[in-house]
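Peer 1: Its first residue numbered 0, the sequence shown is counted upward by one per residue in numbering that gives the first Met the number 0.
Note that these hints are calculated values from the structure, not bench results. Be aware that a few hints might be false.
[Unchecked claim] As a list, the in silico BS3-like pairs of lysine-lysine whose alpha-carbon atoms are at most 27 Å apart:
#1 306 x 230
#2 140 x 158
#3 7 x 25
#4 140 x 230
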Amino acid sequence: MSSLLETKIAARQHALREQGLLRQRKVLSVDRPLNTNASTSSPRFVFEGRAYVNFSSNDYLGLSRVPELAEALHLGAQTYGVGSGASPLVTGYSDAHLALERELCDLTGHEAALLFCSGFSANTALMKTLFDQHDIVVADKLVHASIIDGLQDSGAQLKRFLHNSLESAERLLARNQTSALITESVFSMDGDCAPISELSALCRQHHTWLIVDDAHGFAVLDGYNNADAAKLIDVQVVTFGKALGCQGAAVLGSQALIDFLVSNAREYIYSTALSPANAALALAATQYSTAHPELQQKLLENIALFKQLCREANVPLLGSDTAIQPLIIGDARQTLQVAEELRAAGIWVGAIRPPTVPVGSARLRITLTAAHAAEDITACVAQLAQVLSRVVVPLVTERQAADDHR
0 MSSLLETKIA
10 ARQHALREQG
20 LLRQRKVLSV
30 DRPLNTNAST
40 SSPRFVFEGR
50 AYVNFSSNDY
60 LGLSRVPELA
70 EALHLGAQTY
80 GVGSGASPLV
90 TGYSDAHLAL
100 ERELCDLTGH
110 EAALLFCSGF
120 SANTALMKTL
130 FDQHDIVVAD
140 KLVHASIIDG
150 LQDSGAQLKR
160 FLHNSLESAE
170 RLLARNQTSA
180 LITESVFSMD
190 GDCAPISELS
200 ALCRQHHTWL
210 IVDDAHGFAV
220 LDGYNNADAA
230 KLIDVQVVTF
240 GKALGCQGAA
250 VLGSQALIDF
260 LVSNAREYIY
270 STALSPANAA
280 LALAATQYST
290 AHPELQQKLL
300 ENIALFKQLC
310 REANVPLLGS
320 DTAIQPLIIG
330 DARQTLQVAE
340 ELRAAGIWVG
350 AIRPPTVPVG
360 SARLRITLTA
370 AHAAEDITAC
380 VAQLAQVLSR
390 VVVPLVTERQ
400 AADDHR
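Make a model of the complete structure from these sequences and hints.
Peer 2: What follows is the structure, encoded as structure tokens:
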């Protein structure tokens with residue numbers, strides 16, 4: 000006889016499978032060993048013996064395959080060992096961590112920084128530590144799950160404004176004694192950008208902190224990765240697993256805020272610190288991205304090429320100008336079918352389904368990098384157009400998608 004938990008697990012998994020929402024891991028392997036030419040070839044991996052061009056990675060600048068950064072990780076491990084060995088408040092905080100924090104502050108203009116092992120832990124720690132039941136927080140309707148989870152744990156009262164709507168945000172700020180407004184720089188599922196300058200002005204007017212999850216904008220989005228960022232943003236969360244191609248995250252803000260988190264953030268106090276080797280790598284990746292602006296330029300060129308080819312092929316995109324290019328299909332099963340047919344052609348894209356996105360807005364999430372070759376982008380669009388012509392799907396237009404957010 001099955002236990003209650005076994006019965007619950009089986010029923011839930013069966014329901015997800017029937018709805019086309021079951022999530023399963025896939026074991027991938029490298030297409031080739033890292034070498035001096037790896038950073039100049041389109042990102043590829045091998046799955047079940049076949050190579051695929053990867054259009055689903057957040058490695059926007061292609062830094063995860065740069066030989067100089069592999070060497071930086073090697074040197075960091077040789078210098079510090081492969082792990083930190085303890086919480087940052089015991090013996091886990093080294094000069095490698097301090098050097099990275101100082102570099103991030105120099106880059107953004109913030110007073111202080113605090114490192115975490117992931118962007119999810121950084122966001123949840125910030126939300127549940129900074130706020131409590133006495134706070135009212137307003138947030139964009141589409142902020143990341145880590146922010147929502149942290150706010151729910153905090154007990155704060157959450158009010159959500161319509162996506163990227165200044166009018167909606169202003170109404171909530173005017174009606175409430177708000178502690179903070181939270182948004183993202185680049186929204187991870189739609190690829191659009193928040194109006195940071197305008198939101199900052201609103202927050203200043205209402206004496207409210209502006210908190211920005213900069214996971215998908217850091218090191219690629221102009222305007223918030225320089226010493227002026229702190230003039231607009233009170234708290235900036237940056238991650239190293241996207242454009243920097245490595246691992247970890249940081250909360251950037253005032254010295255008072257960081258001191259408060261050090262004393263009170265349970266995720267920070269009770270977790271083994273990010274390894275010094277990874278901190279050294281993130282420092283090297285930050286410096287490398289700053290020293291190689293041609294990578295950002297190449298990414299912009301690849302985005303422009305992809306969008307142009309999609310227009311010519313009548314492939315309806317959502318309207319993003321960033322590396323994240325969504326194509327909303329709507330039905331979860333049809334989205335999976337399109338993704339599977341693309342994989343049959345050797346092209347791997349993300350099939351994003353509820354609850355990651357709202358019901359009825361399942362989509363392909365195509366991500367571009369500076370490492371993609373023009374011929375692979377051309378092949379991707381050609382295959383995408385062919386698959387869409389064969390699979391009858393109720394494609395959602397840009398206007399319909401915008402209406403859904405309201």
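Peer 1: Hint by hint, note whether the structure agrees.
Peer 2: Hints, one by one, checked against the model:
no.: 1; hint: 306 x 230; in the structure: 33 Å, violated
no.: 2; hint: 140 x 158; in the structure: 9 Å, holds
no.: 3; hint: 7 x 25; in the structure: 24 Å, holds
no.: 4; hint: 140 x 230; in the structure: 24 Å, holds
Hint 1 from the earlier list is the only one contradicted by this structure; the remaining hints agree with it.
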